[in-house]
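Chemist: Each chain, written out:
2 protein chains.
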Amino acid sequence: MPESIPADSVGLVAPKCEHFDEPIELECGRQLASYDLVYEAYGELNADATNAVLVCHALSGTHHAAGYHDMTERKPGWWDNCIGPGKPIDTNRFFVVCCNNLGGCHGSTGPMSPNPETGEPYGPAFPMVTVRDWVVSQARLADRLGIQRWAAVVGGSLGGMQAMQWSTDYPDRLAHAVVIAGAPRLSAQNIAFNEVARQAIRSDPEFHGGNYLAANTVPRRGLMLARMLGHITYLSEEAMRAKFGRDLREGKDEYDFHYEVEFEVESYLRYQGKSFVNRFDANTYLLMTKALDYFDPAAPYGHDLAKALEPAQVPFLILSFTSDWRFAPSRSREIVRALLECKKDVCYAEIEADHGHDAFLMPIPQYLAVLGTYMQRVANEVGA
Amino acid sequence: MPESIPADSVGLVAPKCEHFDEPIELECGRQLASYDLVYEAYGELNADATNAVLVCHALSGTHHAAGYHDMTERKPGWWDNCIGPGKPIDTNRFFVVCCNNLGGCHGSTGPMSPNPETGEPYGPAFPMVTVRDWVVSQARLADRLGIQRWAAVVGGSLGGMQAMQWSTDYPDRLAHAVVIAGAPRLSAQNIAFNEVARQAIRSDPEFHGGNYLAANTVPRRGLMLARMLGHITYLSEEAMRAKFGRDLREGKDEYDFHYEVEFEVESYLRYQGKSFVNRFDANTYLLMTKALDYFDPAAPYGHDLAKALEPAQVPFLILSFTSDWRFAPSRSREIVRALLECKKDVCYAEIEADHGHDAFLMPIPQYLAVLGTYMQRVANEVGA
Chain E
1070 MPESIPADSV GLVAPKCEHF DEPIELECGR QLASYDLVYE AYGELNADAT NAVLVCHALS
1130 GTHHAAGYHD MTERKPGWWD NCIGPGKPID TNRFFVVCCN NLGGCHGSTG PMSPNPETGE
1190 PYGPAFPMVT VRDWVVSQAR LADRLGIQRW AAVVGGSLGG MQAMQWSTDY PDRLAHAVVI
1250 AGAPRLSAQN IAFNEVARQA IRSDPEFHGG NYLAANTVPR RGLMLARMLG HITYLSEEAM
1310 RAKFGRDLRE GKDEYDFHYE VEFEVESYLR YQGKSFVNRF DANTYLLMTK ALDYFDPAAP
1370 YGHDLAKALE PAQVPFLILS FTSDWRFAPS RSREIVRALL ECKKDVCYAE IEADHGHDAF
1430 LMPIPQYLAV LGTYMQRVAN EVGA
Chain Y
1070 MPESIPADSV GLVAPKCEHF DEPIELECGR QLASYDLVYE AYGELNADAT NAVLVCHALS
1130 GTHHAAGYHD MTERKPGWWD NCIGPGKPID TNRFFVVCCN NLGGCHGSTG PMSPNPETGE
1190 PYGPAFPMVT VRDWVVSQAR LADRLGIQRW AAVVGGSLGG MQAMQWSTDY PDRLAHAVVI
1250 AGAPRLSAQN IAFNEVARQA IRSDPEFHGG NYLAANTVPR RGLMLARMLG HITYLSEEAM
1310 RAKFGRDLRE GKDEYDFHYE VEFEVESYLR YQGKSFVNRF DANTYLLMTK ALDYFDPAAP
1370 YGHDLAKALE PAQVPFLILS FTSDWRFAPS RSREIVRALL ECKKDVCYAE IEADHGHDAF
1430 LMPIPQYLAV LGTYMQRVAN EVGA
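Just so you know, the protein sequences line up as chains E and Y, in that order.
Residue numbering for the first sequence follows this note's numbering, starting at 1070 and increasing by one per position.
Residue numbering for the second sequence follows this note's numbering, starting at 1070 and increasing by one per position.
These aren't lab readings, by the way, just hints derived from the structure by calculation.
Remember, it's a predicted structure, so these values are computed and weren't measured experimentally.
One or more of the hints may lead you astray.
Which copy is meant is left open, so a pair is good if it fits within one copy or across any two.
List of simulated lysine-lysine pairs, DSSO-like, C-alpha gap at most 30 Å [said to hold, decoys possible]: (1) K1376 to K1321; (2) K1312 to K1376; (3) K1412 to K1376; (4) K1085 to K1412; (5) K1413 to K1312.
Please model the entire structure based on the sequences and the hints provided.
Modeler: And the structure:
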């Protein structure tokens, strides 16, 4: 909880909601007749609507990217390090929009929302959504907000995949694409981790085939396991070593020979797992991991990523982090190579960082400097 | 199932059992009044009993290291690539012993064995066992077999930890120590993976606090998840890419948009998880992961591994594999550096291999050549 709002914060913010009655045809072949998108916006849209930046969230993110909902909130939005007055995505110049993705569990229509056909929560009846579907829905939100062309579409991890998809699906509706800690598709190992997480949730007896809300329960154990596993892949081995090492809890120096928490790292993981269960929906987690698995823009082009990126008309900033083993720098370099092959304008920086995949959320000076410098270029170009 | 026994196989083998009535004091402070050790042996013990090699198994290993139990067995013992006539651990020269570790679930006394105090399976009442405890019990087995001094103690992964422990705890009872794909202690990340596996098992409602046998059930889902997760850490990212890539099952080229198996890698993991449940005990899995977590020979020496290894009197062979990320080559090099620091005789080879941690089980020519050459030196030295 902030005692006072820091000067470089966007301050107190409130989510807004747009309702859409135009049906959306999803990649899976199904449609949603209507849906809500909840979003937050920071800064002021200029008269020509040229200064808008779309921030896309990752697996467990929300629309609450910066600032505070109220003075009791323990932490600001998830990307507060990067969004605010004078920050890399400078709200003195940009109008920043972040929406909760379709299928989410923080206000946008998703598995917890009432199914208009039954009045009950969709639960497992909610259709699979893909990165392409999200981009379609975000384009409709842009229409609604009077934004014909984003100054930039920006995202980390799964958010970076959305930025890539924007660049090819709506090439004239963005001026820049920023892909941070991303990948052009998941590896077999990435899919394997997602599959273990999904099995943890789906094999929890409290899952009830996804109808757990109707059964007045939640698959806590499964979702907790999924999140614990996720956290291992978000942190680097170095970060875990520096943060916990083999330290025992409470300064002990002898083993207890039991299965309760003994090592600090166990305590951390259990805490992360338990707290996640209170703020995230299991069906949404399943959907998000599948959207990750399915993302593979090169597949329809004979697995030629350069061909897939050919329609893009914008300059790209690609950023990766040295210790990220979930989406390692080599994955970002695949994107860079493909962009160079199809002769796009691309800046690439590999940031020295010990934090693993989570680095994209951290206030790492070199990272903030590179992102900030690039976004100033964007602001200058679009007259922000 | 072999149609005929290959010429370089140890052939048909049968486990033996030794019963011990001398109580064993365990590192956890508890004792077992009596216990069985099941083992297999291949080759002939020579007249002076100088040609015996102890092979120590890893997390999910057994005493069945080589050969076939009968002609219907689908696969030979787990280290058949390395043990046999003319193989690196050459049964024409060596008498090879491999026992199921105390706490195991393949015949040696463990959680599935009857607790003599109750007549019921020990279950969760079975005491925690450590690498040190295993080495004590293996020394007693050596006594029973008339082996005063092993020509070599050899092991991969957790087995390598036992070889290290032998070298310091019984320096005059072995002539060589061979530590393959090992580590001097687990990292925070290693412990974290073990903890997720344990939580998967322990949070399974069928676990019943470990008393699942009494409840006539087993925590199948939890053990399956633990094994699926384990498999991700046994394979390298490269191996997974080469083996599965992003291939869909049954040659499909479109997504099905459901949660059943879609990708080949999902199919592989589920198969591995399911088949493991039929051959392994959940309480044993918990014990084995804890033995891994607890192994830290340097801890009592101010975390100075060279000091911990000072009592060792034998030459060491240390082997690692380039793509092993569970116990990476850097972990083996920690052992090598400590051995050099305390002026021990050490050979080290880092084997180029794409298989990840599992490489230690594979017939990789360079690996077999290095191990075989070293073991010939051992055989010559001990007059095998």
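Chemist: Using 30 Å as the alpha-carbon threshold, which applies to K1376 and K1321: within, between, both, or neither?
Modeler: between (57 Å within a copy, 22 Å between copies)
Chemist: If the cutoff is 30 Å on CA atoms, where do K1412 and K1376 land: within, between, both or neither? Let me know, please.
Modeler: within (11 Å within a copy, 58 Å between copies)
Chemist: When Cα atoms must be at most 30 Å apart, do K1312 and K1376 count as within-copy, between-copy, both, or neither?
Modeler: between (43 Å within a copy, 26 Å between copies)
Chemist: With identical chains treated as interchangeable, where does the CA-CA distance between K1085 and K1412 reach 30 Å or less: within a copy, between copies, both, or neither?
Modeler: So K1085 and K1412 fail the 30 Å test inside a copy (39 Å) and across (69 Å) alike.
Chemist: Check K1413 against K1312 for me: Cα-Cα at most 30 Å, and say if that holds within a copy, between copies, both or neither.
Modeler: neither (40 Å within a copy, 33 Å between copies)
The earlier numbered hints that this structure contradicts are 4 and 5.
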